[in-house]
Amino acid sequence: GAVVSQHPSWVICKSGTSVKIECRSLDFQATTMFWYRQFPKQSLMLMATSNEGSKATYEQGVEKDKFLINHASLTLSTLTVTSAHPEDSSFYICSADRGANVLTFGAGSRLTVL
Amino acid sequence: LAKTTQPISMDSYEGQEVNITCSHNNIATNDYITWYQQFPSQGPRFIIQGYKTKVTNEVASLFIPADRKSSTLSLPRVSLSDTAVYYCLVGGGSGNTGKLIFGQGTTLQVKP
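Protein chains in written order, with the numbering used here: chain A, 1 to 114; chain B, 1 to 112.
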């Protein structure tokens, strides 16, 4: 139980285009999901908290207009990287709060911007 | 949110017991201590969680002293497949359920 599916697992796009990453909780409902990014050999950095039915809460230094988060249902949150540039290339990971203070993480999405 | 401090790296050999200690001096009363494991290019995976004393599951044990300012993850008889990054996270209490800040983690290298 408690599976989080993330799609796509990897994506390559041209500079200036937008990319959407989906995060789904498959067997539980998640009112709160979290988005992280991770650069090579570094730890996960929390980007934002996604709240079902309301606006996301972004961490300091994360551009909300650059990284659009939508949490329209109890099982789906999406992260859209708008006008992507090479410096946005990273590993993006989502997680969902399954309760009991435990997070379930997706497998991650590798974004490469050319 | 409480900050955590772990050793950056550790080496071990197959079959040995590995203990990774994490310091979290500013842990709040309602915070839980949770350990995750991450392999390259994968999302972190839950290992174990505790609040106080000792917790044991099928893969690890977690030791938490009375003052809860540190915790030790114990992996019995590690194998090569246990080579990964291990993160200690503290949180979940006081309305911060789920919002966890990752520290640097401990890179465990298991050698044959």
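Hints may be right or wrong, so weigh each one.
Below, simulated SDA-like cross-link-like pairs (lysine to any residue); rule was C-alpha separation at most 20 Å, straight line [claimed, not checked]: (1) 3(B) with 52(A); (2) 3(B) with 101(B); (3) 99(B) with 76(A); (4) 41(A) with 110(B); (5) 99(B) with 10(A); (6) 69(B) with 58(B); (7) 3(B) with 26(B); (8) 41(A) with 104(B); (9) 99(B) with 54(A); (10) 3(B) with 59(A); (11) 111(B) with 10(B); (12) 99(B) with 58(A); (13) 99(B) with 98(A); (14) 55(A) with 42(A); (15) 52(B) with 100(A); (16) 99(B) with 114(A); (17) 41(A) with 54(B); (18) 99(B) with 12(A); (19) 99(B) with 59(A); (20) 54(B) with 104(B); (21) 99(B) with 60(A); (22) 99(B) with 16(A); (23) 3(B) with 76(A); (24) 52(B) with 89(A); (25) 3(B) with 60(A); (26) 64(A) with 110(B).
To be clear, the hints were calculated from the coordinates, so they are not data collected in a lab.
- Could you tell me which of the hints above the structure violates, numbers in ascending order? Those not satisfied are hints 1, 5, 6, 14, 16, 17, 18, 20, 22, 23, 24 and 26.
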